[in-house]
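**Q** Per my numbering: the sequence shown ends with 213, consecutive numbering throughout.
Keep in mind the hints are simulated off the structure, nothing from the lab.
Glycine included, each C-beta is placed from N, C-alpha and C at the ideal position.
One or more hints might be untrue.
[Unchecked claim] In silico BS3-like pairs for lysine-lysine, Cα to Cα no more than 25 Å straight-line:
id, residue 1, residue 2
1, Lys144, Lys23
2, Lys144, Lys195
3, Lys23, Lys201
4, Lys23, Lys162
5, Lys80, Lys90
6, Lys162, Lys24
7, Lys195, Lys24
8, Lys80, Lys94
9, Lys24, Lys167
[As the list claims (entries may be wrong)] Here are the computed distance ranges between Cβ atoms for each label pair:
id, residue 1, residue 2, range
10, Pro75, Met196, 37 to 43 Å
11, Gly102, His27, 40 to 46 Å
12, Asn28, Ser112, 43 to 49 Å
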Amino acid sequence: MASTSKKLAHNVYFVASRLYFLLMLFQIPLFRFPCRIGTCATPIEVSLSLLYANGVVPGGMVKALLYPGAVAKAIYKNYDIPSYGNLLEAYRFTSMKESLTKHDLQNLEVVVGSYLAVAGALLGLMKSGRFSLIGLLLITWGLDKQVLFKNSTTVVIYPTMLIALLSAFFSIRADVTKMIRFSKQKQKITRVRHAS
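With the hints as constraints, model all of the structure from the sequences given.
**A** Laid out in structure tokens, this is it:
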């Protein structure tokens, strides 16, 4: 029983972590949030805009991380695929607004959550972890805080956030194993009750 639980948990973890990675890699819009490049729709855009603006990440690395999403968006919207050389201009990274530190600190949950969500997507390919789930929960809290407490109309959470949250949750192998074991134990208890 334990081996089947572990095998099933591994399969669920494997599929969920890959799905989450693809959501991040192809930059499926999860939210709409004002940031340095105008409006960000994915954790990659939020984190890369801050890292590039502060000079932490070179332009080549930013292009490499943005290009799969740019290709996916171009195919989905039936546009021309942007050239690799003009990718920073297409994402408005070259004409970034000077953002005050106050804006970044007021939206710290979204910023830190974006870093954790992107790191969790990359680390989830190698090992099960909670980075991605914690990151998405922080992003959700930060965006909800903007909507509820500041009555912001520029912040929107898309339904794809639910898919990302579920895939991030199911990419935690230990928790999935516990859920499977608990459900099997519950099934045994109900069978015993019906037999007596």
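**Q** Please go over all the hints and tell whether each is borne out by the structure.
**A** Comparing the hints with the structure gives:
1. Lys144 <-> Lys23: This hinted pair holds, its Cα atoms lying about 15 Å apart.
2. Lys144 <-> Lys195: 17 Å, holds
3. Lys23 <-> Lys201: With a Cα-Cα distance of about 12 Å, the restraint between Lys23 and Lys201 holds, given a limit of 25 Å.
4. Lys23 <-> Lys162: 38 Å, violated
5. Lys80 <-> Lys90: Holds, at roughly 15 Å.
6. Lys162 <-> Lys24: 39 Å, violated
7. Lys195 <-> Lys24: Holds. Lys195 to Lys24 sits at ~12 Å (cutoff 25 Å).
8. Lys80 <-> Lys94: Holds, at roughly 20 Å.
9. Lys24 <-> Lys167: Not satisfied, since the Cα-Cα distance of roughly 46 Å exceeds 25 Å.
10. Pro75 <-> Met196: 37 to 43 Å: At roughly 42 Å between Cβ atoms, Met196 and Pro75 fall inside 37 to 43 Å, so the hint holds.
11. Gly102 <-> His27: 40 to 46 Å: Given range 40 to 46 Å: holds, Cβ gap about 42 Å.
12. Asn28 <-> Ser112: 43 to 49 Å: Given about 46 Å between the Cβ atoms, the range holds.
Hint compliance for this structure: hints 4, 6, 9 are not met, and every other hint is.
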